[in-house]
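Novice: Make the full structure from the sequences, and use the hints.
Protein chains in written order, with our numbering: chain R, 26 to 107; chain D, -19 to 207.
Please note: incorrect hints may appear among the correct ones.
Stated by the list, open to error - Ranges between beta-carbon positions, derived for each pair:
id	chain 1	residue 1	chain 2	residue 2	range
1	D	ARG113	R	ARG39	28 to 34 Å
2	R	ARG39	D	ASN2	36 to 42 Å
3	D	GLU143	R	GLY44	38 to 44 Å
4	D	CYS116	R	ASP71	37 to 43 Å
As the list claims (entries may be wrong) - Simulated crosslink set (DSSO-like; lysine-lysine; CA at most 27 Å straight-line):
id	chain 1	residue 1	chain 2	residue 2
5	D	LYS(-10)	D	LYS40
6	D	LYS40	D	LYS164
7	D	LYS164	R	LYS47
8	D	LYS40	R	LYS47
9	D	LYS(-10)	R	LYS87
Derived by calculation from the structure, the hints in this document are not laboratory data.
Built from N, CA and C at the ideal position, the CB exists for glycine as well.
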Amino acid sequence: MSRLPPGQKAEVRRLLGEGPLKFRLLDLGFVPGTTVEAVRRSPLGDPVAFCVRGALVALRSKDADLVLVEVLPGDQRRGACP
Amino acid sequence: MTFPQDNRPKTDGVVALVGNPNTGKSTIFNALTGLKQHTGNWPGKTVSIARGTFRVGAQKYLLVDLPGTYSLRAGSPEEKITRDFLLSGRPHVTVVVADAGRLERNLYLVLQVLEITGKVVVCLNMLDDARRRGICVDVRALEEELGVPVVAAAARQGLGLQELKGKIDALARGEISVCPRRVKYDPDIEEQLAFMSGTRWLALEALLGQQKPGEGSWVERFKYCPV
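Specialist: Encoded structure:
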């Protein structure tokens, strides 16, 4: 998921890793089937802010790498994240 | 962990206020208590928790404003305080404040709380905000799905607060019966749960094996929790 360019939407497919970090990601809403959108990249490229289930969540690239996503075609409009 | 009784003001019941961050919990707290809050440190914790009282008729309730959390999995100190208070502080009623405009995200915490206690009032807050963004919520349908009272509110405008107080009072006095929605898990998990005592939430945590060595079993630590 860390490689998504800003504005790109994708669907969560699978979570790698185990233990507290995996639970944390699930708690934050990164559940398989969920649509996410990369919103902003910090100046140094890490962390990246994602819109997930109506909230903006910033993740370090190494944590975002645990979320495997499938890029959704078309529709490059900005999501509903306020 | 137990919470001391002696530093609590004399009241007819304890009401816990939980919810995701930025759902207007503190606005509701201040509106209900009239800013008569005093922060108190629960033992062993450095994070202060605001407490205040409010009245409904002759009844006086202690309202405890718990830290905002997305989950009760206790990955952060805030989550731990909120979880421990719900399990050990034995509130008579728990109000879960949910942002009407981000319901999908907020319902996760609602369902987690319902696994600990059924004595829940869901306060669907920021309804005005949601409406402005074109989001309408069928409050009655939600109430039916969750099996606990749902109150629509716009706390900043002072709307829905009287109804919220009324529902808290009615639930505390046992005038409302609840039928809390339980998430159905896979058959093998449900089979295990059927053999376990205590709250459904603790049983699930035990199954998840999140017990830390040296901390004692979950059931032992929270033996005073409501069943």
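Novice: Checking against the hints above, which ones are violated?
Specialist: 2, 6, 8 and 9
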